[in-house]
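Using the sequences and the hints given, assemble the complete structure.
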Amino acid sequence: MAGLRLDDLGKDYGTVTAVDGVTLDLPDGGVTALLGPSGCGKTTLLRMIAGLEAPSRGRLLIDGQDITDMPAEARRFGMVFQSFALFPHLTVADNVAYALMIAGMPKAQRRTRAEELLSLVQLPGYGGRRIAQLSGGQRQRVAIARALAQEPLVFLLDEPMSALDAKLREEMQVELRLLQQRLGITTVVVTHDQREAMTMADRIVVMQSGRVEQVGTPQEIYHQPASAFVAGFIGKANMLDGRAAAGAIALEGGTLAPVTAAPFIDGAPVTVACRPERLSLAPAGADDRAPNRLTGQVAFVRDVGQVREIHVQIGPHALTAELPAADRTAYAIGDAVAVAFPADALHVYPAETAAKAA
Amino acid sequence: MSAPADTAPADTAIADTAGFAGSAAATARPAHIGLPPAALAAIGAMLGLLAVVPFALVVVISLGQNVDGAAWHWGLTLENYMRFFVGIGWPEEISTLYAQKLYYSVHYAVLGSVLAVALAFPFAYLITRRSRRAQTAWLVVLLASVSLSEVFVVMGWDILLSNRSGLPMVFRETGLTQLLKDLGVFPTLRDWGLANPRDVRFKPSEIATLLAVTYVVWPYAVILLYPPLSRVDNAMIEAARTMGATHLTVIRTVVIPAVRLPLVGATLLLFVYVLGVYVAISVFAAPARQTLALSIYDAVRGSTLNAPFGAAQAVVLLSVAGLFLALSAWIGKRAEAKA
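For the record, the sequence lines run as chains S and A.
Per my numbering, the very first residue in the first sequence carries number 246; after that it's consecutive.
Per my numbering, the very first residue in the second sequence carries number 119; after that it's consecutive.
The hints are simulated quantities; they were obtained by calculation from the structure and are not laboratory data.
One thing to keep in mind: the hints can contain errors.
To be verified - Here are a few chain S residues that face chain A, going by a calculated C-beta distance under 10 angstroms:
hint, residue
1, Gly309
2, Ile312
3, Pro316
4, Glu318
5, Phe329
6, Met346
7, Ala388
Said to hold, decoys possible - Simulated coverage check for chain S against chain A, where a stretch passes if three residues somewhere in it have a Cβ under 8 angstroms from a Cβ of chain A:
hint, region
8, 390-403
9, 415-423
Stated by the list, open to error - Short derived list, chain S residues pointing at chain A, Cβ under 8 angstroms:
hint, residue
10, Ala317
11, Met324
12, Ala544
13, Phe545
We put the beta carbon where it would ideally sit given N, CA and C, even for glycine.
What follows is the structure, encoded as structure tokens:
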């Protein structure tokens, strides 16, 4: 078990920068998710941690010791690959015990250990089977057991759920998280799925174009997104383009004022982000002049059971409000409604970053 | 629809290579081609005419009798086979001349094919780990070298190894020969057939023969190993590395087991190919160490002119090839059953 430190770690492929100087501390025993769209450099970063990719610059330290130039085979980092990468010519038990075989553990001991690990991933008695006889979920468990066999210092997972179907994926996310908590092993998981990141990780690193956009707990990332990109990538967000006006934001159709005055010069183009579930609706009426209220027309209603989505058009802005199922107020297309924006739910970003994220 | 169509040729290619080792190549092929029976019959007849008839003729001739002056009579005699194994003077005296030629045929074929595959494996493996573009460049070079005929290749080696103008001359002129003499390694070289009392001498020699034979089939070995090796998942190799295996250990414990059948298949195919190699043997092997391929040619077209005996030698050579293929198929099946 060990804490990892990434010190300005970067990777170039020719003139293309895949990872642009990432500095991060991965705490001992924690689960960190590298989250971002495909091509954001998260897998390259993981592969550099694993020693499968040589960094172009920067250092990697484990408990203060520089391991930047240490080859993958010397690091004792367990890794689960996206394709699982199991060895088809070996049985399940021999797959699990591969690292032990390489380390020269006697055969009988290896067999016992493999059986223990298979029990840990809830596949007891599967040791004698061929890989081809296993289902996708079973293969993943074998891949996890195999990566854990050498009692790795760090546990790395590259899109571990992408080969599984949706239902199994949710189950395995929880199961893997529970297993990790039991073992207390420093873990890094790469994913493009924000639900997966929020389920499995206690810290999320959101990446975009080779750079870290934000590091934080799932709650921080969701409720205080540091950029328009993060706000748009994690969960749903309404994005409204406007201009800064004395700490508030002037939009077509009204003015919105966040809790803390937005630090922009008057007239600067900005983007306001707000989560759909933070919006509340009321029939248009006397209250309309109250602060942080804009009026518009209902454009579309989607009722999916646990929430209702009301799409509202306010001038050029199309918004979505999510209402809890308990709120039974009837809204019909064309109704005039007032949308209330809580001041603490408003996040203001420079307009350029929003354009880049889109 | 498109996915199966894309993957099908690749699967067939695996089966093709693996088929030599007795895996079920037929099962990987689509069963229905949809040809009318008449067309099938026509194709069958053509195949029969082109493949079975000449072969049957060779067998028939091998049972016939030689007539001096390049003719033969129908017959039903095992005389030619007897001559092959124990000699014409049997039972008074036994000659193993042709059995020896058979031995050398198998000897060069086994060593040449194993050597070629062993040398081609690391090369093909390294190619498959390069970028797409680099892989294409290497394959083009290899395919070009395959297009050189054996005659061309052997001629090049012949000059390179010739006593007056090749490497021995270079050795002599640079003083290397003298150095080897001073170091006292000359007797060893002579034991290996690589020197006469005065000079190094590379041909005829068994080493030169093996070198030439291996050189001729090596590109084929690379091309046979390239498809299965390029299908070895890089993630498998990386997974092994994260579990503590060095590059060489990965090759031993992951890559070789993954391409075991294609390795055996390539070796067998090249084994059969080398059994029939003519030019390289005729140039580099000493007469006492020449192969059946040469004596068959001599009997059918060359100096000895004895078609029935040539045919008998060909049948024996073919049977040996068949025996090796059957043996490896059997070993392959046993290994599969055990796994």
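Each hint, compared with the structure:
1. For Gly309/S, the interface hint is violated, since its Cβ never comes within 10 angstroms of a Cβ in chain A; the closest pair sits about 22 angstroms apart.
2. Contact between Ile312/S and chain A, as hinted, is not supported at the beta carbon level, the nearest pair being about 13 angstroms apart and thus beyond 10 angstroms.
3. For the restraint placing Pro316/S at the interface with chain A, the shortest Cβ-Cβ distance is roughly 8 angstroms, inside the 10 angstroms limit, so the hint holds.
4. With 10 angstroms as the threshold, the beta carbon of Glu318/S comes within range of chain A, its nearest partner Cβ sitting at about 5 angstroms, so the hint holds.
5. Restraint check, Phe329/S versus chain A: the minimum CB separation of about 8 angstroms is within 10 angstroms; hint holds.
6. Look at Met346/S: its Cβ gets to within about 8 angstroms of chain A, closer than 10 angstroms, so that hint holds up.
7. For Ala388/S, the shortest C-beta to C-beta distance to chain A is roughly 8 angstroms, which falls under 10 angstroms, so the interface hint holds.
8. Only residues whose C-beta sits within less than 8 angstroms of a C-beta in chain A count toward coverage, and the region 390-403 of chain S has 5 of them, enough to reach three; the restraint holds.
9. Coverage of the region 415-423 of chain S by chain A is violated. Counting CB-CB distances below 8 angstroms, 0 residues qualify, and the rule asks for three or more.
10. Because the beta carbon of Ala317/S sits about 4 angstroms from the nearest beta carbon in chain A, less than 8 angstroms, this interface hint is met.
11. For Met324/S, the suggested interface contact is upheld, since its CB lies about 4 angstroms from the closest CB of chain A, less than 8 angstroms.
12. Among the interface hints, the one on Ala544/S is violated; its C-beta lies about 39 angstroms from the nearest C-beta in chain A, farther than the 8 angstroms criterion.
13. This hint is violated: Phe545/S has a C-beta 36 angstroms from the nearest C-beta of chain A, more than the 8 angstroms allowed.
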